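I would like the entire structure built from these sequences, with the hints used as guidance.
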Amino acid sequence: MRIAIVGPAFPYKGGGAQHTTELAHRLAAAGHTVRIETWRAQYPGFLYPGRQTIEEPEGEPFPNTGRDLDWRRPDGWFRVGRALRSADLVVLSVLSPVQVPSYLGILSGIGGKARTVALCHNVLPHERKPYDVPLMRKLLGRVDGVLVHSAQQADLARDLTAGPIRTAEMPAHLPKAGNVSVAADDTVHRRLLFFGIVRPYKGLDILLRALAKGPEDVSLTVAGEFWGGLDETRALIGKLGLNARVDLRPGYVPASEMPALFASADALVLPYRTATASQNVWIAHEHGLPVIATTVGGFPDQVRDGVDGLLVGPEDVSSLADAIRRFYAPGEPERLRSHVRPVDHGPLWDAYVAELTSS
1 MRIAIVGPAF
11 PYKGGGAQHT
21 TELAHRLAAA
31 GHTVRIETWR
41 AQYPGFLYPG
51 RQTIEEPEGE
61 PFPNTGRDLD
71 WRRPDGWFRV
81 GRALRSADLV
91 VLSVLSPVQV
101 PSYLGILSGI
111 GGKARTVALC
121 HNVLPHERKP
131 YDVPLMRKLL
141 GRVDGVLVHS
151 AQQADLARDL
161 TAGPIRTAEM
171 PAHLPKAGNV
181 SVAADDTVHR
191 RLLFFGIVRP
201 YKGLDILLRA
211 LAKGPEDVSL
221 TVAGEFWGGL
231 DETRALIGKL
241 GLNARVDLRP
251 GYVPASEMPA
261 LFASADALVL
271 PYRTATASQN
281 VWIAHEHGLP
291 VIATTVGGFP
301 DQVRDGVDGL
311 LVGPEDVSSL
321 ADAIRRFYAP
331 GEPERLRSHV
341 RPVDHGPLWD
351 AYVAELTSS
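Residue numbers are given in this note's numbering: position 282 of the sequence shown equals residue 282, and the series is strictly consecutive.
No lab work stands behind these hints, which were simulated from the structure alone.
Incorrect hints may have been included.
Computed Cβ-Cβ distance ranges for the label pairs, DEER-style [said to hold, decoys possible]:
1) Val343 with Pro254: 17 to 27 Å
2) Ser86 with Pro259: 35 to 45 Å
3) Gly112 with Ala354: 53 to 63 Å
4) Thr53 with Glu127: 36 to 46 Å
5) Asp316 with Ser358: 36 to 46 Å
6) Ala354 with Glu232: 44 to 54 Å
7) Ser86 with Pro300: 10 to 20 Å
8) Tyr131 with Glu56: 31 to 41 Å
9) Pro342 with Lys113: 35 to 45 Å
10) Asp144 with Gly346: 24 to 34 Å
11) Arg234 with Glu56: 28 to 38 Å
Keep in mind it's a predicted model, so treat the numbers as computed, not measured.
Backbone N, C-alpha and C define an ideal beta-carbon position, used for all residues, glycine too.
Take a look at the structure:
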């Protein structure tokens, strides 16, 4: 099958780019002829407050990759679509409704000559704008099929389209840092980690309040890009008296720095208010770390409560503080760490590829 994937890829960074690239490699390994169509310029800067691109790839770039798309050139959207008419399948990787105008231009260029699937990382954003629903309704109404990553996301999609919707669990697409590694260390550091892009739905403020209520000798590293709210976070840290216990590291964390970052912590904390699919549990497990997470999205399926991590209800400061206390009971960090096992995602990828390519 001739398959084109339209989505972010290196030099763009983050989970979306890693997923696009890993998917292309997996499809090619399954015997398909694959091409990625990615962006020369993806978004205007004001729509993405963080760093958009990186200099070193975090994994093996896919060789057959075109970079002709530009958010400033709608004529280019149509031209790329025309070039994709010979494909058997065109996969539109949807990370944000902001992409919809360009994807509609590509679909116009395709003109119904190739089967099209919207692969939705999130059907709708966690923090919504008034234009999100009409844009996504327009896009999902124009494609031949939709692929989502959970039953909850499928329900959202059904509210926006009467077309066919398939569900497949998202497999791991983790950043790779070449030969960078850190020796295993069983030391209990009395330090927790919050990692990744910082946005309100991820609940960093809840974690900070729980930290203030928890054991006084436990510290926290916050490492990731802030989508706004950095000054407010610093003010909250000061208000809670946590200046000496919180190491704030705003900015993108390259894959080469992740082994040392995870090795310096006892657990990754995911205090999300809402979630769909997240790679952060898998990343923690790859680095041998237990996870303390809320019971939202796919976390209850990824974290075995009391085995390789702890689960608590969302938006509950007291419960999260109690979980931190329980985590640091004598011998508990070591016990939970001993049960952490990286997952073999080969079978999950095989099922994902099969679901995407089935007619």
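The hints, checked one at a time:
no.: 1; hint: Val343 with Pro254: 17 to 27 Å; verdict: holds, 23 Å
no.: 2; hint: Ser86 with Pro259: 35 to 45 Å; verdict: holds, 43 Å
no.: 3; hint: Gly112 with Ala354: 53 to 63 Å; verdict: violated, 25 Å
no.: 4; hint: Thr53 with Glu127: 36 to 46 Å; verdict: violated, 23 Å
no.: 5; hint: Asp316 with Ser358: 36 to 46 Å; verdict: holds, 41 Å
no.: 6; hint: Ala354 with Glu232: 44 to 54 Å; verdict: holds, 45 Å
no.: 7; hint: Ser86 with Pro300: 10 to 20 Å; verdict: violated, 43 Å
no.: 8; hint: Tyr131 with Glu56: 31 to 41 Å; verdict: holds, 35 Å
no.: 9; hint: Pro342 with Lys113: 35 to 45 Å; verdict: holds, 42 Å
no.: 10; hint: Asp144 with Gly346: 24 to 34 Å; verdict: holds, 28 Å
no.: 11; hint: Arg234 with Glu56: 28 to 38 Å; verdict: holds, 30 Å
Checked against the numbered hints above, the structure violates hints 3, 4 and 7; every other hint is satisfied.
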